[in-house]
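**Student:** Listed below are the residues making up each chain.
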Amino acid sequence: MKKPEAAFFSRVLMMGNEAAAEGAIRAGCQCYFGYPITPQNELTAYMAKHMPERGRVFIQAESEVAAISMVFGASVAGARAMTSSSSPGISLKQEGISYMAGCQLPAVIINVQRGGPGLGSIDPSQGDYFQATKGGGHGDYHIIVLAPASAQEMHDMTMQAFILADQYRIPVMILADGRVGQMMEPVRLYEDSPPPAPPKPWALTGAKGRPPQYIRSLFMEERALEKHNYELQACYRQITATEIKAEETETGDCEWLIAAWGTCARISKGVVQKARAQGIKAGLVRPITLWPFPHERLARLARRSQVKALLVVEMNCGQMLEDVRLAVNGAAPVRFSGYPGGRVPTETDVLNALIELTKTNHHGKVEQPAV
Amino acid sequence: MKTPTSGYQRPASLTDAAMHYCAGCGHSSVHKLLAEVLDELEIRERTVGVAPVGCAVFAYFYFKCDISEAAHGRAAAVATGIKRALPDRIVFSYQGDGDLAAIGLTETVHAANRGEPITVIFINNTVYGMTGGQMAPTTLAGQITATSPTGRNPATMGCPIRMCELLNTLEQPYYIERVALDGHGGMVATKKALLTAFQTQVSGKGYSFVEVLSPCPTHFRCSPQDSLKFVGQKMAAQFPVRIFRKEGVPVHA
Ligand SMILES: Cc1ncc(C[n+]2csc(CCOP(=O)(O)OP(=O)(O)O)c2C)c(N)n1
Ligand code: SF4
Chain A
18 MKKPEAAFFS RVLMMGNEAA AEGAIRAGCQ CYFGYPITPQ NELTAYMAKH MPERGRVFIQ
78 AESEVAAISM VFGASVAGAR AMTSSSSPGI SLKQEGISYM AGCQLPAVII NVQRGGPGLG
138 SIDPSQGDYF QATKGGGHGD YHIIVLAPAS AQEMHDMTMQ AFILADQYRI PVMILADGRV
198 GQMMEPVRLY EDSPPPAPPK PWALTGAKGR PPQYIRSLFM EERALEKHNY ELQACYRQIT
258 ATEIKAEETE TGDCEWLIAA WGTCARISKG VVQKARAQGI KAGLVRPITL WPFPHERLAR
318 LARRSQVKAL LVVEMNCGQM LEDVRLAVNG AAPVRFSGYP GGRVPTETDV LNALIELTKT
378 NHHGKVEQPA V
Chain B
136 MKTPTSGYQR PASLTDAAMH YCAGCGHSSV HKLLAEVLDE LEIRERTVGV APVGCAVFAY
196 FYFKCDISEA AHGRAAAVAT GIKRALPDRI VFSYQGDGDL AAIGLTETVH AANRGEPITV
256 IFINNTVYGM TGGQMAPTTL AGQITATSPT GRNPATMGCP IRMCELLNTL EQPYYIERVA
316 LDGHGGMVAT KKALLTAFQT QVSGKGYSFV EVLSPCPTHF RCSPQDSLKF VGQKMAAQFP
376 VRIFRKEGVP VHA
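Protein chains in written order, with our numbering: chain A, 18 to 388; chain B, 136 to 388.
Fair warning: there could be bad hints in the mix.
[To be verified] Under the rule of at most 20 Å between Cα atoms (straight-line distance), these lysine to aspartate or glutamate pairs were calculated in the EDC-like manner:
1. A:K225 - B:E306
2. A:K217 - B:E180
3. B:K327 - B:E175
4. A:K225 - B:D361
[To be verified] A few chain B residues that don't get close to chain A, going by computed Cβ distances all over 12 Å:
5. K167
6. I202
7. A211
8. T304
9. V386
10. H387
Simulated from the structure, these hints should not be mistaken for lab results.
Predicted, not measured: the structure shown is a model, and the values here were computed from it.
Even for Gly, the Cβ is constructed at its ideal location relative to N, Cα and C.
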């Protein structure tokens, strides 16, 4: 059989989990530390095969707590480092994430969400929105959260995550779910050399030719912690000013605005077309950065006079819903369509919820999700 | 290797900062010995340390080498991350018994089991010093602490964990030794053990572990002199002072 051209390989059929792993490798990830958990196992297995082949670091750690601590160490040493897990494992990583936020260390964490609380299920879920965007660990901090909806975005956003992490010295989370992680799709792989990392004069590499330095999150001197926390907040303000990303579909004349992220946004895109075919002027706003959240964009859309109501669609009991309501601030009624049991909604499910919405009075009341 | 300087001097690898440790505390003695070893092996400028959460949490103020914080108990995993990212650097962790043998036991055992080529310095003072003298995994049977006010009862609180013995069951460690900081002889032995441990790493041999039985007069509730006796007699009776692993081979008692 004739060998295909090299360029042929740039478009390959891949699982989202593998596409993210390949994205990390092509972004110049030097160290990966993982621990098995479904539905992200393909990612760890991919790294186990491909990192050592390239002379890079792969360790199957003894726990998620250890894995994130190894990421912490590699980041301290100036390396691009990553870990991945799914919901229960991400809970264990919160200790390390909080420490990295405090120590201003860049790192990439992938959460291929599954059902919860507790062991929940191994089915796709969006139940970790609160955990990811409202802190997760202890203390007064944020991390950047990106929400992919396809294998291609798993690849692209993982790469982007390394760039953002280095630029702002902050942990960045890819908040995917079991559907995005395990679905196979054609992916166009990034072909260029890894985006260059900025200089890291703060990294601990040995005090050769410079004074010794340290990395810490402990500030016991008078008012030092206050100062440190204000510095973190200044960084968060800068990220909020420059890095918010959202995607709009058919919002120009829309009367019924769906707000959804990740897998639900992808499903809702189809719903918008189906609804329009029936004469319902639907549109979609999809936050891509969940933190920072596109509050202003949502507020602007909701204030448009033709917008009659919003429908938030999530695979949970209403988490991003709270941010949407905060953003909309009463400018339009906000309703909810939720799927908290590991079930991925179909276009028909969401379309029916939308049709139902168009038939009701809109007093801003939020419905309980249909279980 | 540099020859040791004669007389009592501040090692070049120590900063001028006044240490916050209590009078008679083993931490300050081990800091000094460790700094001397960094000096003598001339590795200060390529060493990265990992500080614990415990009384030595401020170790980065005292050593003139790069030092990172770690979450409570995670020092061995953090050291693993640093060493894997920078294999030609000398990486050590410095940990108390609560940090290493309780909350960080998993990280400790698995770093040793992988044979990470790092040096782990374990300060066993039988108590949680920093938080007020609570029971540690290494607290002796019958020993009174803030959380064993009538003495540690093995029937409900377990017996002291012997870390050297535990790690010596693993295949990968290269060097394991326990020393007792119980006076001048103990200082000399501790220095020698630290030197061997760092030489192990410098020559790329593998994982090295030094357990130092160390006085905490404050929570032993006795004078610094008596606390040295506690280390040399009571502690050493429970924790045999010897080499457990030499050049990768278990040394039998
Ligand atoms: C997760 C977590 N749990 C508990 C503590 C509180 N804490 C601080 S130091 C310490 C124990 C220190 O004891 P040890 O490791 O024996 O060191 P020593 O102070 O005796 O040197 C504890 C429990 C903490 N900082 N973090
Ligand atoms: S409490 Fe004990 S271990 Fe801590 S500084 Fe004082 S003597 Fe040292």
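**Student:** Tell me the hint numbers this structure goes against, listed in increasing order.
**Tutor:** Going through the list in order, the structure violates hints 1, 4, 6, 7 and respects the others.
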